[in-house]
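Visitor: These are the residues of each chain, in order.
2 protein chains.
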Amino acid sequence: MKRLLVVFLLSVNVLLIAHSQNKELTLSQAVLGQRREFGATTLKNLTWRPQTNAFSYIKDNCLMEFDIKTQKEDTILKMDNLNAILVANNLPKIKNYTQVEWVSQFAICFNLETNLIVFNLSTKKIESNIGYLSNAKNIDKCNNNENVAYTINNNIFITNKYNKTIEITLDSNPGIVNGQSVHRNEFGIKKGTFWSPLGNYLAFYRMDETMVTDYPLVDISTRIATLKNVKYPMAGMKSHEVTLGVYNVQTRLTTFLKTGEPKEQYLTNIAWSPDEKSIYIAVLNREQNHLWMNQYNAQTGDFVKTLFEEKNDKYVEPVEPMVFLKSNPNQFIWQSRRDGWNHIYIYNVDGALVKQITKGNWEVTDVLGFDKSERYLYYISTQQNPLERHLYCMDTKKGVEKRLTTIHGTHNPVVSMDLGYFIDVFSSTEIPNQIDLYSTSGKFIKNILKADNPFKDYSMAKLEMVTLKTRDGKFTLNARMLKPASFDASKKYPTVVYVYGGPHSQLVTDDWLGGARLWEYYMANKGYILFTLDNRGTGNRGFEFEGVIHRNLGVNELDDQMVGVEYLKTLPYVDANRIGVHGWSFGGFMTVTMMLKQADQFKVGVAGGPVIDWKFYEVMYGERYMDTPDENPEGYKNADLKNFVTNLKGRLLIIHDDMDETVVPQNSFTFLNECIKNNIQVDYFTYPQHQHNVAGKDRVHLIDKIITYFDEHL
Amino acid sequence: MKRLLVVFLLSVNVLLIAHSQNKELTLSQAVLGQRREFGATTLKNLTWRPQTNAFSYIKDNCLMEFDIKTQKEDTILKMDNLNAILVANNLPKIKNYTQVEWVSQFAICFNLETNLIVFNLSTKKIESNIGYLSNAKNIDKCNNNENVAYTINNNIFITNKYNKTIEITLDSNPGIVNGQSVHRNEFGIKKGTFWSPLGNYLAFYRMDETMVTDYPLVDISTRIATLKNVKYPMAGMKSHEVTLGVYNVQTRLTTFLKTGEPKEQYLTNIAWSPDEKSIYIAVLNREQNHLWMNQYNAQTGDFVKTLFEEKNDKYVEPVEPMVFLKSNPNQFIWQSRRDGWNHIYIYNVDGALVKQITKGNWEVTDVLGFDKSERYLYYISTQQNPLERHLYCMDTKKGVEKRLTTIHGTHNPVVSMDLGYFIDVFSSTEIPNQIDLYSTSGKFIKNILKADNPFKDYSMAKLEMVTLKTRDGKFTLNARMLKPASFDASKKYPTVVYVYGGPHSQLVTDDWLGGARLWEYYMANKGYILFTLDNRGTGNRGFEFEGVIHRNLGVNELDDQMVGVEYLKTLPYVDANRIGVHGWSFGGFMTVTMMLKQADQFKVGVAGGPVIDWKFYEVMYGERYMDTPDENPEGYKNADLKNFVTNLKGRLLIIHDDMDETVVPQNSFTFLNECIKNNIQVDYFTYPQHQHNVAGKDRVHLIDKIITYFDEHL
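Read top to bottom, the protein sequences are chains P and Y.
Converting from the first sequence to this note's numbering requires adding 61 to each position, the first position being numbered 1.
Converting from the second sequence to this note's numbering requires adding 61 to each position, the first position being numbered 1.
So that you can see chain P by itself, here it is in the shape it has in the complex (with noise of 0.2 Å):
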């Protein structure tokens, strides 16, 4: 009888099994279940507890500790007692339990909806609540987490632990910015505020914007349709001027460096000096040729002198700011593509450079810094495969490198110097999620998690990683390729290139899925092969693969491209007469390029937020890669997308939002007009009151938009 059982339930098990393996995802699932449904386990918030042997991290809304030295986990606080003592103090609940910070062995900080709270886990009390104004944005604490700047509109406030708040800019007019990050995000630029390391001083930009056109958009949300202007400053056009203040808390005085002319230039890459005597600031000029990295006396705001310079015939692009040393406050970190690659410098502040860290052709990708001793330097990079990243630490005396993670794929490990421990969180293109602890020495000491296949019941489509050689056979190109679960070799598929292609960016990756959004699987198990290749002019391989470009959008991307249909096409079960493409913004831009600069290789296109001509795109990334119109006419022309509307012959859908700040409506309406002269029928279609993409719920439509035509027209 009990044999007899056992065999019916293996039975159901294996139907169950066949069953469940069966399940094919819901768009909706495809497009907003990445993350959250699909996303795979994982230990959130990780990171290493001050002072103890310990790292802590969320799970199951507790803050959760684990000691490497007894191997036990803890459990520090529930986040429901914390909300019961923050109600009791008649402060709001806490949301979101992941967004804790430690501020010591046993505090942490977090913010509630406009307060700065340090809770400390001991005394279960409140030591510190920085109560800040609504509306405030940009919140920026100071590293004692004694005053907080923010801004309100384009004004700064700094609200001290007395919950003392003083505006410290006056500006009414809406064209100077204050304390909000500058130059349209390029450079790295991600804030406008920046504390002193002893967090006497608050330096911020103030950008003055008064002279830059306004772009008009419209919002339509409001019972008759409202004006919102936006300034943007487009290539070759008047540009904004930025300066950096400081505000000194003690006097409440408030000194402007003084970075002089042309004041059109980019002031990139803030740092304070560990004293806080000096600012450095790696100047740009609007060529973006030229790099000065200057040092400015922060109290007086003069200009100290330049500690060395950058030049290059093409493009600098600064990205990180440079790291002081602790052991040695008068040399810092500094990263620099001036040998062609990303890699790590230490420099003195007399501007000499004391040593270049890492070379080779690779790219250090992150810096995670030194050990206490400052000999061994801990940082990310290709070296092994640009597709993946690894945990590497420099023997900065010897100068000997070691990678410290073995298993291929993409490492985000987090390191303790002091410790002398590393978590190793990471995953590959067969791995969701893996947790490891090692010793920095390269040691495994435990596995933390493992996580299962999100998508172990679903029917999937297959990955596929591949390689290509460019045309000149100087540069492997890397690229993915999915098919439907039921791929059948002797059928023939219609073929999707999804494509973005442009700088800064790197789509196919050995990390789970392969880089690729789960609505390509979704797509690819409809019956598609979906295809994406990293051209030159992409990220994380080079200055040389990436610089390719300059004054040329569009050309050898496509060639590329190009490289990667040819190989579509010597596949038996792709069918070459129904290849189509599809790409978002930059990857419009390669969508349109390919759809009319090789009309006959491709027959439906899907072109969202598309550049149509880099003369409507804005001054800082569009002059970096194209120059200035006037520079380069020829550049401009040919990448001008209008000038070949008449080659189309396949079908193509463009997509654009109406309140599209970054690539401007303009690009496709002018398009839209020039084939409406030619008489040249194509498709087109809005997302109101989003904004270059469509993010959220509408995400759904967006994306069975997009499939549907394909599915009707390819």
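By construction, these hints were calculated from the structure, which means they are not laboratory data.
One or more hints might be untrue.
Stated by the list, open to error - Some but not every residue of chain P turned toward chain Y, in silico, with C-beta under 10 Å:
id: 1; residue: Thr103
id: 2; residue: Ile737
id: 3; residue: Gln750
Cβ atoms here follow ideal geometry from the backbone N, Cα and C, with glycine treated the same way.
Use these hints to put chain Y onto chain P, whose structure you have.
Guide: Frame of chain P; chain Y shown alone:
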């Protein structure tokens, strides 16, 4: 031999006809050629020459005349000769000879680029030359041709015969508009300046729009897109305020009429008394249900009296200013729909009704005027049939009317009351254009012109007129149907309803092509049935037929359109599963209404510039039919098509121009948003830089887009 030749020629002829009748219209011909390439031959600028027995016209760039006594045609002046004289006087050439006007027996008047010229035909000299400022718009000359009024931007200028120019308004606020049409061209308003009969005064509209909200439109034709704000008073929102100024040419002083409060009223149908002492205004309240015919003192601006009032539970819509009698300047003609149909009334200036001249269940569509004795009144009406227009003469003494035109169709006669003749210019479904001379007693004198069928060499769709009954049996509905030339009753055809359906419109007429546009014939010939029906709510059918739509737009119109569709479904050659609908503006509203509220009936819809939500439409037209959103929440809700998006079953393409100042783009954008929110796929297209529908060469692209959409999806 001769006979043989004839036979030979005949057979060639037959071949030629057989061949030539197979010519197919190109899309471009169908869209652009209706008035030009395929316009029926006619005599342009047909008019009676003063103090002669002749009528004049333009033929082969010559001003010709035809003497009805001698029955001889003579050349009066060749345009080349006129231009030679103009050039000799350092004036530009006249470009459009059809815009000359008789000012006396021997003098013609016309505009050059910036000159008003009076030219004497007997002396061959320029009698008068008023050179006004460049950029002049709204050019309005006084009766004696001694002054020209015009606007530059928002101010009024007058240039006199001595070429002296005076700016008579000096408003610098762009929200103040002088001398232009007001109230968004409703109430028959087409201009903003009104010369007094003897030319001593200029009355002009002054519109204060400063309190009206701007609708922001974006012009993408500039280097960087620029804002184009338009003042758009939306239903229920603050509207503009209009006053009427009277400028005295002698004193150069302006008096404003004391039109009083509330300021948001409509000053319509401006008329001068013959003695220039009074101005009459049909003042309408914002609610548009109460009209006061008010007299004002033109010199003091004082209100004199109200002559009479008109009220209606639904709306009063005066569109024709009073016209004073010549022999009895204390009496005037007034047109009113107060008895349910537009009829002619005679009033005296005391406000007493002298007589209702016309009466019956039909509408006067044009009053041509009295004979010298002011006993016989000539007018056009729908008395014979709403599809037709005929000339009538009413003996106002006897109260007996006589129809003077006999052949069915649409007559646009040019009557000479003095001579007792009229030139009957007419067309019908069978007659492209015909011009006959008659005496006003109705006696046929002579045929002047019979136009050839412009399509005689073309394969053309066939027109059929259809009449149906409203469901309640109360009204006849007129409709037309186009069938392909190759029509085969045993086949089934996809069918497209072309709809407008809004007030003031009539699409089905007994006119050449039956009121259809040539592209409808083109489309039908591609293998479609094209069907159009004038539903209740449309024009020229009396107040009950039109006014049924009050507070309830889209409901009765839809009922009647469905009567048409039910009829179509009874036809064996109509494919009941392949019925589509297309329309623009109100027709766009109807298209979307039909697609959503009768979703099972229509497979495909193409809606151009649709009103989606009447709260986004303007005050004048919108509130006349719908009252305000606060006054009529149910009506607005039921007509708000955003509330019905989930009904959509068929395929819907919305086309909306980005510069649409009439139906603002907010309509379509909010509709798209609602579709996106509900994950409903619709298609969308825009014609950048176009304004409510697409004119000019780009229209070929538009019609191609529309027809292609039906080709692909119906």
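Visitor: Each of the hints needs a verdict: does it hold here or not?
Guide: Results for each hint:
1. Thr103: For Thr103 of chain P, the interface hint is violated, since the closest Cβ of chain Y sits about 30 Å away, which is over 10 Å.
2. Ile737: holds (5 Å)
3. Gln750: holds (7 Å)
Hint compliance for this structure: hint 1 is the single one not met.
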